[in-house]
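J.: Please construct the entire structure, taking both the sequences and the accompanying hints into account.
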Amino acid sequence: MATPVKSGEKVDAVIAGASASGSVFAATLAKAGKKVVLLETGPDWQLSAATSRAGA
Amino acid sequence: MAALGSYQSGWGVGGAALHYFANFPRLLPSDFKMKSEHNRGLDWPISYQDVARYYDKVAQDVGVSGDAKAEEIWRPAGKPYPMPPMKTFRNGELWVKACAEHGIRLAPACVGMNSTEYKGRPACIYDGWCHIGCPTGALSNPIVTYLGEARRAGAEVRARSTVTRVLMNKEGTKAIGVEYYDADRQRHTQPASVVVLAAWSAQNPRLLLNSATAKHPKGLANASGLVGKYMMCHFASGTWALFDEDVQNHLGTTGAQFMSYDRYPKTSHKGAFGSTFIVAGSALKTSDLGGFANARLDLFGPDLHAFMKRAARGLTRLNAFGEELPNVENRVELATEKDEFGMPLGRIVHGYDEDAAAVWNANFEEGLKIAKATGAKEVWSGRGAMPTIHLMGGTIMGTRASSSVVNSYGQTHEIANLWIAGPGIFPTAGASQHRLAKPRAHESIALCRRPGASGRRASAGVSLEGGEAGGRLRARRRHGRRHARGGAAPIADVGAAGNYREQARREHQHRCGRSGEGVGRRLYAALDRRDHVRGESVCLHAAAVRPGEGLRAGDGPWHRQPGAGGESGAAV
Ligand SMILES: Cc1cc2nc3c(=O)[nH]c(=O)nc-3n(C[C@H](O)[C@H](O)[C@H](O)COP(=O)(O)OP(=O)(O)OC[C@H]3O[C@@H](n4cnc5c(N)ncnc54)[C@H](O)[C@@H]3O)c2cc1C
Ligand SMILES: Cc1cc2nc3c(=O)[nH]c(=O)nc-3n(C[C@H](O)[C@H](O)[C@H](O)COP(=O)(O)OP(=O)(O)OC[C@H]3O[C@@H](n4cnc5c(N)ncnc54)[C@H](O)[C@@H]3O)c2cc1C
Ligand code: SF4
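Chains A and B supply the protein sequences, listed in that same order. Position 16 of the first sequence, counted from 1, bears residue number 16 in the numbering used here, the numbering being contiguous throughout. Heads up: take any position in the second sequence, counting from 1, add 56, and you land on the numbering used here.
A couple of the hints might just be wrong.
Using 27 Å as the maximum straight-line C-alpha spacing, the simulated DSSO-like pairs for lysine-lysine come out as follows [unchecked claim]:
(1) 35(A) / 113(B)
(2) 175(B) / 35(A)
(3) 143(B) / 113(B)
(4) 230(B) / 10(A)
Think of the hints as simulated: they come from the structure by calculation, not from any bench.
T.: If you want it as structure tokens, here you go:
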């Protein structure tokens, strides 16, 4: 994985919402070599979290 | 809690599609041309043919199971799905013959789930926990599909980061990034060449409106005044059938085993306008969204216990999703109340019109007939408040800046490097669920790499009272007045007559106890960061009592009904 972009450093695309639709933009742009940051208001769910309330 | 809360936005990385049902039906060609074919609603700036190949591409990308050939009785031919259809169980199979008797053909549902292992993800185990987040990876949620790809390709996901504004250059010609707050409520800016809002149909307009500047006093991309307008939902008419035998209702997925587009043509039901998409057979849990404890809200104590004992083995459901037409009055706007970051809450003003209520009623009526044909011991309609499922619109696409917010790629007409993603850009809702948001994004990107490629300047604002939409509003008011003179009649008298509009009107009077303007229900909800929607479902009369307020659940003299927002409700 690339080093995370520091807040303040300019990126090619910023996406508000790590959502169904935001993830398609993110995948397509990132695979085209663009620097992408997704900003998501909620927590970073992992699949394992789907069976518990952990992380909420 | 709120009527608008049950099938709405997600929260956290992955969004709503972490706990969606992964039904992957398509819109049909007629959805794109409603205005030109029926002089109702709106036309899309693109056709089914423009998006067909993206439907096929997404099916390969995420993994869809189904039988494309079987579906092609209803839609233009495309590529086969990468996996065969899912397993079926008694709770789905028993609907096949009953539907056929009523002229409804059922095909295997196409779902974004693995019937076989796919791209290193396991096959489904049919335990039916899809709606709380498939724990195995068999369901194509964003984490195991596009978001995973994005991360592997170097995209950074910054959780607990709340965007509050899109930032513009001084001239007001270009987005230069966004403002956001982190988990410690520290304010940051994130500069970027391209800004994409993918925060859900209601949050995207809220962000655009909150980003107003001196150059864009009405909010960004809003010269037309249409940001936040044309919010649309799906509604569902669920019909329950209870058997003495075990119908294996613990098995399957939360989505569907079978589907039909046989009531999809807009004028399928006499006296009603709008598409219907039918699904059958979902695994049932006890008390969750659509769970069987909620199938009989009229029962309590020992009666509920006895019912649940039977339902745990013998209950199954047919579900018909209906289409709401775009209506400029249904909208998201900024409320006066603010969230923890000082950003005004969004407020949703939404009411169903007579067409929606008529389609809803027609589907209940047909559902009951079909359910009786299954030979079930008991059948009933899962009727509660009219549900609001899948929010769409608010940033609709079109060819002109005067009558839409974005072009067919999701690029705002006014600001070439500001894009909107998701079902918020749909100008009509169809009755099937809306993965289309994904296919189109692929094409958007092509343009995204060439900022400005299809950017166009906005023309002057449009008068919302004029034109087609205003005409319809006026017609509706006249209609409402006519009804008001009609007088009340008991709801039981109607129905058999098949006049669904009339039935809808009487039902409203019956439930609300008053006659008056319109039969629609109106939903008010306040949006905030965590709950997304807070509010209450109210009828039009209550709205007239306290106009213009940001409403909360529990506020005011609202007319309440049990089961708001779900497919479940009191038995009739
Ligand atoms: C995939 C999945 C996701 C879920 N997600 C959520 C969620 O997000 N939120 C939520 O609130 N709930 C969720 N649930 C439901 C929740 O996990 C269950 O309701 C809860 O675990 C039930 O707890 P329990 O103690 O009753 O029984 P269980 O956890 O089922 O444990 C019963 C245990 O007893 C053992 N046992 C059975 N018979 C005997 C016997 N005769 N002798 C000895 N041992 C025996 C079993 O092997 C088992 O280990 C989920 C369930 C599943 C399957
Ligand atoms: C229960 C349920 C079942 C469904 N079943 C199906 C189905 O079977 N088939 C189908 O096609 N569709 C289904 N849908 C609909 C589908 O899930 C949605 O249409 C889709 O997920 C919407 O995607 P989106 O990108 O617009 O936003 P969402 O997926 O809602 O995601 C928006 C994201 O943005 C974040 N966010 C919001 N505001 C901000 C902000 N200010 N800053 C940063 N982040 C923010 C949210 O936390 C969220 O994670 C279902 C939906 C639900 C709720
Ligand atoms: S039934 Fe179970 S394994 Fe299959 S998609 Fe749903 S949650 Fe995943």
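J.: Indicate, hint by hint, whether the structure satisfies it.
T.: To see whether the hints hold, each was checked on the structure:
no. : hint            : result
1   : 35(A) / 113(B)  : 24 Å, holds
2   : 175(B) / 35(A)  : 26 Å, holds
3   : 143(B) / 113(B) : 24 Å, holds
4   : 230(B) / 10(A)  : 15 Å, holds
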